[in-house]
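Sequences listed follow chains D and V, in order.
As numbered in the numbering used here, residues 433 to 768 make up the first sequence, in order.
As numbered in the numbering used here, residues 34 to 367 make up the second sequence, in order.
Calculated from the structure, these hints are not laboratory results.
Careful: at least some of the hints might be erroneous.
[Claimed, not checked] Computed cross-link-like contacts, BS3-like style, restricted to lysine-lysine with a CA-CA straight-line distance of at most 25 angstroms:
{"#": "1", "chain 1": "V", "residue 1": "LYS44", "chain 2": "V", "residue 2": "LYS362"}
{"#": "2", "chain 1": "V", "residue 1": "LYS273", "chain 2": "D", "residue 2": "LYS558"}
{"#": "3", "chain 1": "D", "residue 1": "LYS454", "chain 2": "V", "residue 2": "LYS170"}
{"#": "4", "chain 1": "D", "residue 1": "LYS732", "chain 2": "D", "residue 2": "LYS762"}
{"#": "5", "chain 1": "D", "residue 1": "LYS584", "chain 2": "V", "residue 2": "LYS170"}
{"#": "6", "chain 1": "D", "residue 1": "LYS561", "chain 2": "V", "residue 2": "LYS276"}
{"#": "7", "chain 1": "D", "residue 1": "LYS469", "chain 2": "D", "residue 2": "LYS435"}
{"#": "8", "chain 1": "V", "residue 1": "LYS265", "chain 2": "D", "residue 2": "LYS520"}
[To be verified] Per label pair, the in silico range of CB-to-CB distance:
{"#": "9", "chain 1": "V", "residue 1": "ILE353", "chain 2": "D", "residue 2": "ASN714", "range": "25 to 35 angstroms"}
{"#": "10", "chain 1": "D", "residue 1": "ALA494", "chain 2": "V", "residue 2": "LEU157", "range": "23 to 33 angstroms"}
{"#": "11", "chain 1": "D", "residue 1": "THR559", "chain 2": "V", "residue 2": "PHE189", "range": "53 to 63 angstroms"}
All values reported here derive from a predicted model rather than from experimental measurement.
Each residue gets a CB set at the ideal place from its N, CA and C atoms; glycine is no exception.
Residue strings, one per chain:
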Amino acid sequence: MSKVILEVNELTTNYVTRFREKIYAVDHVSLKVEEGKSVGIAGESGCGKSTLALSLMGYYFAPLHYSSGEIIVDGRNISGMDPDDVRKTILGREISYIPQAAMNALNPTQRVINFIEDVIQAHYPKTTKKEIYELARERFELLGLPAEVLRKYPVELSGGMKQRTVIATSVILSPKVLIADEPSSALDVTSQKMVIKMIMDLMNKGIIKALIFITHELPLLYNVTDDIMVMYAGQIVERGTAEQMVFDPIHPYTRALMGSIIVPEAGLRDVKLAAIPGTPPNLKNPPSGCRFADRCKFVKPECRAISVGLRDAGEGRAYRCIIPEEDLRKAYQSEG
Amino acid sequence: MKGYRDYFLRKLGWFAITVVVAFILNFTLPRLMPGDPVAAIVARMAQGMSNATGVQAVYEQYTELFATDRPIPEQFFIYIRNVLNGDFGYSISQYPRTVGEVINASVWWTIALQFPAIIVGWILGNTLGAMAAYLRKGFDRVLLPVSLFLSNIPPFGMAVILLVIFAVNLKWLPTSGGYRFDMVPNSSWEFVWSVIVHYQLPFWSIVLITIGGQAIGMRSMAIYELNADYVKYARFLGIKDSKIIRYVFRNAMLPQITGLALSIGTMVFGAVVAEIIFNYPGIGSTMLTAVLGGDYPLISAATLIITFMVLIAFFALEIIYGLIDPRIKAAQSE
Numbered sequence: 433m434s435k436v437i438l439e440v441n442e443l444t445t446n447y448v449t450r451f452r453e454k455i456y457a458v459d460h461v462s463l464k465v466e467e468g469k470s471v472g473i474a475g476e477s478g479c480g481k482s483t484l485a486l487s488l489m490g491y492y493f494a495p496l497h498y499s500s501g502e503i504i505v506d507g508r509n510i511s512g513m514d515p516d517d518v519r520k521t522i523l524g525r526e527i528s529y530i531p532q533a534a535m536n537a538l539n540p541t542q543r544v545i546n547f548i549e550d551v552i553q554a555h556y557p558k559t560t561k562k563e564i565y566e567l568a569r570e571r572f573e574l575l576g577l578p579a580e581v582l583r584k585y586p587v588e589l590s591g592g593m594k595q596r597t598v599i600a601t602s603v604i605l606s607p608k609v610l611i612a613d614e615p616s617s618a619l620d621v622t623s624q625k626m627v628i629k630m631i632m633d634l635m636n637k638g639i640i641k642a643l644i645f646i647t648h649e650l651p652l653l654y655n656v657t658d659d660i661m662v663m664y665a666g667q668i669v670e671r672g673t674a675e676q677m678v679f680d681p682i683h684p685y686t687r688a689l690m691g692s693i694i695v696p697e698a699g700l701r702d703v704k705l706a707a708i709p710g711t712p713p714n715l716k717n718p719p720s721g722c723r724f725a726d727r728c729k730f731v732k733p734e735c736r737a738i739s740v741g742l743r744d745a746g747e748g749r750a751y752r753c754i755i756p757e758e759d760l761r762k763a764y765q766s767e768g
Numbered sequence: 034m035k036g037y038r039d040y041f042l043r044k045l046g047w048f049a050i051t052v053v054v055a056f057i058l059n060f061t062l063p064r065l066m067p068g069d070p071v072a073a074i075v076a077r078m079a080q081g082m083s084n085a086t087g088v089q090a091v092y093e094q095y096t097e098l099f100a101t102d103r104p105i106p107e108q109f110f111i112y113i114r115n116v117l118n119g120d121f122g123y124s125i126s127q128y129p130r131t132v133g134e135v136i137n138a139s140v141w142w143t144i145a146l147q148f149p150a151i152i153v154g155w156i157l158g159n160t161l162g163a164m165a166a167y168l169r170k171g172f173d174r175v176l177l178p179v180s181l182f183l184s185n186i187p188p189f190g191m192a193v194i195l196l197v198i199f200a201v202n203l204k205w206l207p208t209s210g211g212y213r214f215d216m217v218p219n220s221s222w223e224f225v226w227s228v229i230v231h232y233q234l235p236f237w238s239i240v241l242i243t244i245g246g247q248a249i250g251m252r253s254m255a256i257y258e259l260n261a262d263y264v265k266y267a268r269f270l271g272i273k274d275s276k277i278i279r280y281v282f283r284n285a286m287l288p289q290i291t292g293l294a295l296s297i298g299t300m301v302f303g304a305v306v307a308e309i310i311f312n313y314p315g316i317g318s319t320m321l322t323a324v325l326g327g328d329y330p331l332i333s334a335a336t337l338i339i340t341f342m343v344l345i346a347f348f349a350l351e352i353i354y355g356l357i358d359p360r361i362k363a364a365q366s367e
């Protein structure tokens, strides 16, 4: 077993609303990423994916607040650290982030190189502009981006180029962990492919050591990441390898999620698309039992009464359902 | 770069058209006012004259001097020719001073009063607004209502309030004038001190109002920018707040610069109220006497100056915009 780069134990974070209500958008989430591995996180809109991305960085600002749990980066527990220290020594350097909306992620009135200068000098104040330029040029060229991009303003770059510039900027300090929050969702298919290739390059070229990739597209994760976790209403409902999750899901929600997405794989082409009926529960008052119960095809009376933890299914797999694995599989078979 | 140059050439063309139209209006409108200003001078000049033919002769001499006996179109062409030679003619109400002399004596008082006041008010207002957006809580809760209050007091109201408090009740500062009434402008320390003392009330009445309006605008712009994606991204890459504030300030400043250019351009006009209340010897007071005396040449020249100042301010604004915001420069270069 290789070295664990990122370990998250029972992390819980909450939003505080205007009326001082707490909403737990990330609820006791645990995960482990080994060196050289990548984990995908999938789920519907509003399931807590993006909040998880923000929570994993160990730096919180209103309305998001830390509640409990730990984040351990390369053996160092950052969840108890002073926020200013986290910002100075962890963000951008140990853990870095690619935001969802790369279109607006760069300051419109600043050249790309000036922003990179600010990023590097925030962590290494003594670096000269010349050194930074050389470093940035090298890194951009390594990732297949022309060096002219550095001298440009964001407005002069195309959408795909902007996104790739953001990615290259995020990893300028070679962080150990990279969290990518839907980095390709807003792009056309060609740019999407380039972005995905670039992110995989980051791993292959050893610039980053671990990747967390967040998206609502399960099939995309299958191609990018080693493991996949599915989130629902702030909780992990199932985790396993990409292969298992896509072709052999255990949890009814994972299965429904797969069934509602176009998969271009041969043999699956004829499967009818099925939307999942209903909407996720309101997290202000989460249901006491299983949070998916209202939308589940296989719901039983006890589902609404008892809340279930993650159940181990061997080989690192786990799922959150009161119905045992064998019974679920039988139910799926009879369904066809 | 060619597109960028073309953009400004096109802009210049439009400005030229504006100048021509404004010039025609500046000439025509005052002359449509009822009343015969020449008769007023003649009445002044001919005081004590009992000879009716003598008075008639004086009147004819002055109508010829101001060419008010000719048809307006003809007057217009004479005016154009003179203005192009830098001659704005004689002032009617302050005859025998020329319009050039009258304006030259008053416009610098106005510029020295208004320009610093607008700049100081703009800088203070924007800084306070940005601080309110960033600090929130108590600071914002005090600043916002105060700014709303200040910005909604009409200029004459602010001037009168300051006048009553500091000049009439406390007697700290003089009530009116640009310097002590018994002094003649010179370069002695006594005179300079007198000017400084008389400067305070009109200056602060303009500054306070400017602060209010600017702080409100900057506050809401900065709150909007503080929630922008680039702020979040910069934070997550470990950049300090002190640096991020600078990004926010620069981006939030853009609409504020429009306001600054507008108030600098129209400052001569904006001067009227404060100058009249404090009886300040600037162009505002001069304009008032000109209008009351039906002084066509002086009104036309003063409004022409305002036109030029607004146009120059806007032209400078276009260039400054392009320098500050690359998005606008890109749009200009298209």
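Structure-based check of each hint:
1. For the hint linking LYS44/V to LYS362/V, the alpha-carbon distance of about 14 angstroms falls within 25 angstroms, and the restraint holds.
2. Under the criterion of a C-alpha separation no larger than 25 angstroms, the hint pairing LYS273/V with LYS558/D is consistent with the structure, at around 15 angstroms.
3. For the suggested pair LYS454/D and LYS170/V, the alpha carbons sit about 21 angstroms apart, so the restraint of at most 25 angstroms is met.
4. Between LYS732/D and LYS762/D the CA atoms are separated by roughly 15 angstroms; this keeps the pair inside 25 angstroms, and the hint holds.
5. Between LYS584/D and LYS170/V the alpha-carbon distance is near 38 angstroms, which puts this suggested pair outside the 25 angstroms criterion.
6. The straight-line distance between the Cα atoms of LYS561/D and LYS276/V is roughly 17 angstroms, inside the 25 angstroms bound, and the hint therefore holds.
7. Using a Cα cut-off of 25 angstroms, the hinted pair LYS469/D and LYS435/D holds, with the two alpha carbons roughly 10 angstroms apart.
8. This hinted pair checks out: LYS265/V and LYS520/D have alpha carbons roughly 15 angstroms apart, not beyond 25 angstroms.
9. Judged by the Cβ atoms, the range 25 to 35 angstroms given for ILE353/V and ASN714/D is violated: they are separated by roughly 49 angstroms.
10. Checking the proposed 23 to 33 angstroms range against ALA494/D and LEU157/V shows it holds: the Cβ atoms sit about 28 angstroms from each other.
11. The given range of 53 to 63 angstroms is respected by THR559/D and PHE189/V, whose C-beta atoms sit roughly 57 angstroms from each other.
Of the numbered hints stated above, those contradicted by the structure are hints 5, 9, listed in ascending order.
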